[in-house]
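Q: Given next are the chains, with one letter for each unit.
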Amino acid sequence: GAVVSQHPSWVICKSGTSVKIECRSLDFQATTMFWYRQFPKQSLMLMATSNEGSKATYEQGVEKDKFLINHASLTLSTLTVTSAHPEDSSFYICSASPPSGYSYEQYFGPGTRLTVT
Amino acid sequence: EDQVTQSPEALRLQEGESSSLNCSYTVSGLRGLFWYRQDPGKGPEFLFTLYSAGEEKEKERLKATLTKKESFLHITAPKPEDSATYLCAVQAPRSGTYKYIFGTGTRLKVLA
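In order, the protein sequences belong to chains A and B. Sequential numbering from 816 applies to the first sequence in this note's numbering. Sequential numbering from 318 applies to the second sequence in this note's numbering.
No lab work stands behind these hints: they were computed from the structure. Do not take every clue at face value.
Cross-link-like lysine-lysine pairs, in silico, BS3-like; alpha carbons within 27 Å at most [unchecked claim]: (1) A:K835 / B:K359; (2) A:K870 / B:K416; (3) B:K416 / A:K835; (4) A:K856 / B:K376; (5) A:K856 / B:K386; (6) B:K396 / A:K856; (7) B:K374 / A:K879; (8) B:K380 / B:K396; (9) A:K856 / B:K416; (10) A:K879 / A:K829; (11) B:K374 / B:K396; (12) A:K879 / B:K376; (13) A:K881 / B:K359; (14) A:K856 / B:K380; (15) B:K416 / B:K385; (16) A:K881 / B:K376; (17) A:K856 / B:K359; (18) B:K416 / B:K380; (19) B:K359 / A:K829; (20) B:K426 / A:K856; (21) B:K386 / B:K416.
Isolated chain B, as found in the complex (with noise of 0.2 Å):
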């Protein structure tokens, strides 16, 4: 069954402490695997694409990495402003067409 697990559920830094979110992927054929940030209240903001192994995106604080079975989001020096909650969804083949498969999500709070 295609799964997506993300760790960990929430996930308080101070302000400038760097670290990782885990987004671990069980799935058939994957088209492939998104970030998205989403503020209360507000809909995803797409963040990130990875294709293929080995790929790594960047977009200031953030770097997102893919191996075949997961996928990690950088935080470097994080501020008060990236706090927000972080979604994984992977694209996967479905009966001819395709769906995604979102994760649960990691609350980041990042503290002044």
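Chain A on its own, in the form it takes in the complex (with noise of 0.2 Å):
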């Protein structure tokens, strides 16, 4: 139990474009999300968290405007990285939760390799 998917595995875009990615809890509500950046060697960077049905809390220094996250539902967030730029090229990842009461315990997704060409 507790699988969290996410869609693209890797991408590649333009410099200007927009790219979207998908994080899915395969097996269980997620009533809180949350997104990551990882550059090499380092540690997980929390960017926001994503509550179904609410505005996302961004985290300081990370710019809402570019990085769009919207929680449709108990199963779904999606992080948009709009007019991508090289420096935006990372590997982003994102976890679930279950509702409160049940865990505590983080479960991560696979990972989004983003290169900005």
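Make one complex out of these two single chains by using the hints.
A: Next comes the structure, spelled out in structure tokens:
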């Protein structure tokens, strides 16, 4: 149980275009999902917390107009990188938590490698 | 300020050579401490959750322990397939909700 999927697993796009990444909880409902960014040999940097049916909470320094997050249902959250630039190239990982009271663990997706040329 | 520090940053072991990874934390109102394993190019894989000091959990060659200030991940007789980055995270309250704070990880290499 507790499987999280991401799509696509990798994507290459041209500078100035937008890219959408999907995160799905496959066998549980996730009221909260998290989006992380990870640079090579570094730890996970939390970008935003996504709550179903409400606006995402962004971490300090993360541009909410650039990284659009939509948590449309209890099993799907999307991250759209708008007007992507080479410096947005990174490994993006989502995670989901089962509803509070069940457990506190986060379960991570396999990640999406974004390369902006 | 809430903080998680992992040591060592990198560790090389011979197959069968047991060792421990450390995760020190400073957090107000700890709700849980988590250990994850991450292989290159993949998302973290959940290993353990520890909730209170004195708690221990085991899984195959791994054993996680928790005190009020730190957690240890003990690796007994490691094998090359245990090579990975091990991440520690704590869950802490924040503004009516909660957040996870990750350490920078320990890169473990087990040599055959």
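Q: Evaluate each hint against the coordinates.
A: Going down the list of hints, with the structure as the test:
This hinted pair checks out: A:K835 and B:K359 have alpha carbons roughly 19 Å apart, not beyond 27 Å. Distance hint between A:K870 and B:K416 is fulfilled; the C-alpha atoms sit about 16 Å from each other, no more than 27 Å. A hinted pair counts as satisfied when its Cα atoms are at most 27 Å apart, and B:K416 with A:K835 qualifies at roughly 24 Å. Distance restraint check for A:K856 and B:K376: the Cα-Cα separation of roughly 26 Å lies within the 27 Å cut-off, and the hinted pair is therefore satisfied.
Taking the CA atoms of A:K856 and B:K386, the gap is near 26 Å; set against the 27 Å cutoff, the hint holds. For the given pair, B:K396 sits about 22 Å from A:K856 by alpha-carbon distance, which is consistent with the 27 Å threshold. This hinted pair does not check out: B:K374 and A:K879 have alpha carbons roughly 39 Å apart, beyond 27 Å. In summary, the hint linking B:K380 to B:K396 is supported, as the alpha carbons are separated by about 15 Å, within the 27 Å threshold.
A threshold of 27 Å between alpha carbons decides the hint, and for A:K856 with B:K416 the separation of about 22 Å falls inside it, so the pair holds. Restraint check: the Cα-Cα separation between A:K879 and A:K829 comes to about 21 Å, which is no more than 27 Å; the hinted pair holds. A threshold of 27 Å between alpha carbons decides the hint, and for B:K374 with B:K396 the separation of about 20 Å falls inside it, so the pair holds. Using a Cα cut-off of 27 Å, the hinted pair A:K879 and B:K376 is violated, with the two alpha carbons roughly 40 Å apart.
Simply put, A:K881 and B:K359 have alpha-carbon atoms about 24 Å apart, close enough for the 27 Å limit, and the pair holds. This hinted pair checks out: A:K856 and B:K380 have alpha carbons roughly 24 Å apart, not beyond 27 Å. Among the hinted pairs, B:K416 with B:K385 is consistent with the structure: their alpha-carbon atoms are about 19 Å apart, no more than 27 Å. Restraint check for A:K881 and B:K376: not satisfied, since their Cα atoms lie roughly 41 Å apart, outside the 27 Å limit.
A hinted pair counts as satisfied when its Cα atoms are at most 27 Å apart, and A:K856 with B:K359 qualifies at roughly 12 Å. For a cut-off of 27 Å, the pair hint linking B:K416 to B:K380 stands: about 25 Å separates their Cα positions. A C-alpha spacing of about 24 Å is found between B:K359 and A:K829, which places the hinted pair at or below 27 Å, so the restraint holds. The straight-line distance between the Cα atoms of B:K426 and A:K856 is roughly 14 Å, inside the 27 Å bound, and the hint therefore holds.
With a C-alpha separation of about 18 Å, the suggested pair B:K386 and B:K416 falls inside the 27 Å cut-off, and the hint holds.
In the structure shown, a violation is registered for the earlier hints numbered 7, 12 and 16, in ascending order.
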